[in-house]
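S.K.: The lines below spell out each chain.
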Amino acid sequence: MSTNDVPATTVDVTCTVNGEPVQLRLDPRESLLDVLRERLALTGTKKGCDQGHCGACTVHLDGRRVVSCLTPAVQVDGLQVHTIESVTGPDGELHPLQQAFVDNDALQCGYCTPGQIMSGLACIAEGHTADDDEIREYLSGNVCRCGAYVGIVAAVRQAAQR
Amino acid sequence: MKPFAYTAPSSVDAVVEALRVAQPGTKILAGGTTLYDLMKLGVEAPSAVIDVHRLPELTGISVTDSELVLGAGVRMADVSDHPVIRPSYTALAESIWRAASQQLRNMATLGGNLLQRTRCGYFRDADMPCNKRNPGSGCAAMEGVDRPHALLGASSLCSATYAGDFAIALLAFDAVVDVVGPRGERSIPLAELHVEPGEDPRREHVLDVDELIVRIRVPLTEAGRGSTYLKIRDRESYAFALASAAVGLVIDGAGIVTESRIALGGVATRPWRAVEAEQSLLGQPLTAAAARRAGEIAFAAARPGRTNEFRIELGIRTVADAVRTAGERAVR
Ligand SMILES: Cc1cc2nc3c(=O)[nH]c(=O)nc-3n(C[C@H](O)[C@H](O)[C@H](O)COP(=O)(O)OP(=O)(O)OC[C@H]3O[C@@H](n4cnc5c(N)ncnc54)[C@H](O)[C@@H]3O)c2cc1C
Ligand code: SF4
Ligand code: FES
Ligand code: FES
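Taken in sequence, the protein lines are chains A and B. Residues in the first sequence are numbered consecutively from 1, following this note's numbering. Residues in the second sequence are numbered consecutively from 1001, following this note's numbering.
Hints may be right or wrong, so weigh each one.
Unchecked claim - Not the full set, but computed from the structure, chain A residues with beta-carbon under 10 Å of chain B:
1. V11
2. G55
3. C123
4. N142
Because the hints were derived from the structure by calculation, they are not lab data. Where a beta carbon is used, it is the ideal one built from N, C-alpha and C, also for glycine.
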């Protein structure tokens, strides 16, 4: 009989996280979010709801945004993971979208911000920034309890125009 | 979460073999946005999962002379932006685009989407009585919050709403689901895939535990162009439907409706085809009064709970508005 503390199997996974190769021996129960935060000490990715609702845990998997709380970590085998820690401008200064968040007061407590930035970067890369309505629609998976939405939309619009 | 064994076979044949020898309690895992979510909540507790998320054979979208073919492993996001689906099956594209968030649509597969489980809050809370999760324990919604519960197709044991959007549009277009398992292949019309709770709310669809959905086929129809999926929510985006309607129409040169398809979402225990409402539109010009009447017919059998009666009028207007939008697109 297995108890809840003992994994039924372990699974070896190789992936890259922010460009660095990573090898992990995983309990298949582990979420990508918990692996990033607890095992790899990449705490920029936040845990809000842990149920796929809030978007605070958004990361990029092979360039596409996903919520890491509902991603079983075993599923990233062979894939590229990018987290907020990989986001910088060309010379190590703030990325234009990060600067746009500063310029537009797009945060208050900042807890949702890493997820907003990862989602905003993907939204711009997808080309879903035709107007404010489209930006709002495609950022609707990122909830901000502080209600900084006006600034967030303005920041994504500003970065998309560059 | 209970421990479980994990395998990720690399072909459909290998998945079928794994399903053939699987222990009781084995489940197929795709994007995990339903299954892994419910495992974290302690509502699902498979002994083993067979991961099909990256099976190459389940990917791909193609268009033949007679049908649209969608791999069961296609991600939702790849449907909503597809250059052929948007103009020729508008309701399909809209049903996906109005579901969940872009993050979830990048993860979730079409096969998993069809089999997503209800969002009934008591079902999702492992501590509450729920006949679907724990047969015989009772239904907490009967005395509790029944605002999002079903108006059509409920039984005395369960009134949980089928929450998905995509299946509603597929139903309107007479889609077929191809499945494979240890006993071979079969095709199931979408209209027969889901079942009402009846005496056994645990059972939500007719697939056996060892059957894999491989693809979804949608017959080509002129009504695809004259179609829409209208979804009314508590907020503008990123919420499940309070009421929704997939409508597809064909209107001839004289302005007469010659083909009519209506399916309802968010209001029934399964994807719900409104056949009599469809027929009421046929053979006559499309007027606002006819659209409204179609909505009233669609909800004629609706039975509200204690706090959700408002969704009947909401549903009627949703159908009426969707019929009018489809009509505008059909004559264009
Ligand atoms: C916050 C949130 C909001 C959401 N909003 C919406 C919404 O507005 N509208 C909407 O329609 N949906 C919504 N969803 C549900 C979401 O669309 C589904 O969870 C998703 O489509 C399921 O697909 P998946 O690949 O992740 O399936 P999984 O979770 O992997 O699987 C779901 C079920 O299907 C079975 N399964 C999966 N693939 C196959 C296959 N090929 N053959 C046989 N069985 C299979 C699994 O065993 C499991 O029982 C939302 C989900 C979340 C978390
Ligand atoms: S409505 Fe159905 S799913 Fe919800 S608590 Fe009652 S039995 Fe369970
Ligand atoms: S923590 Fe993942 S969506 Fe909220
Ligand atoms: S800034 Fe506080 S949650 Fe968004």
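S.K.: Could you check if A/N142 really has its C-beta closer than 10 Å to a C-beta on chain B?
M.R.: holds, 8 Å
S.K.: Does A/C123 pass the interface hint, meaning its C-beta sits closer than 10 Å to a C-beta of chain B?
M.R.: holds, 7 Å
S.K.: With chain B as the partner, please determine if A/G55 meets the hint condition of a C-beta pair closer than 10 Å.
M.R.: holds, 6 Å
S.K.: Double-check A/V11 for me: the hint is only fine if its C-beta lies closer than 10 Å to a C-beta in chain B.
M.R.: holds, 6 Å
Violated hints for the displayed structure: none, as all numbered hints are satisfied.
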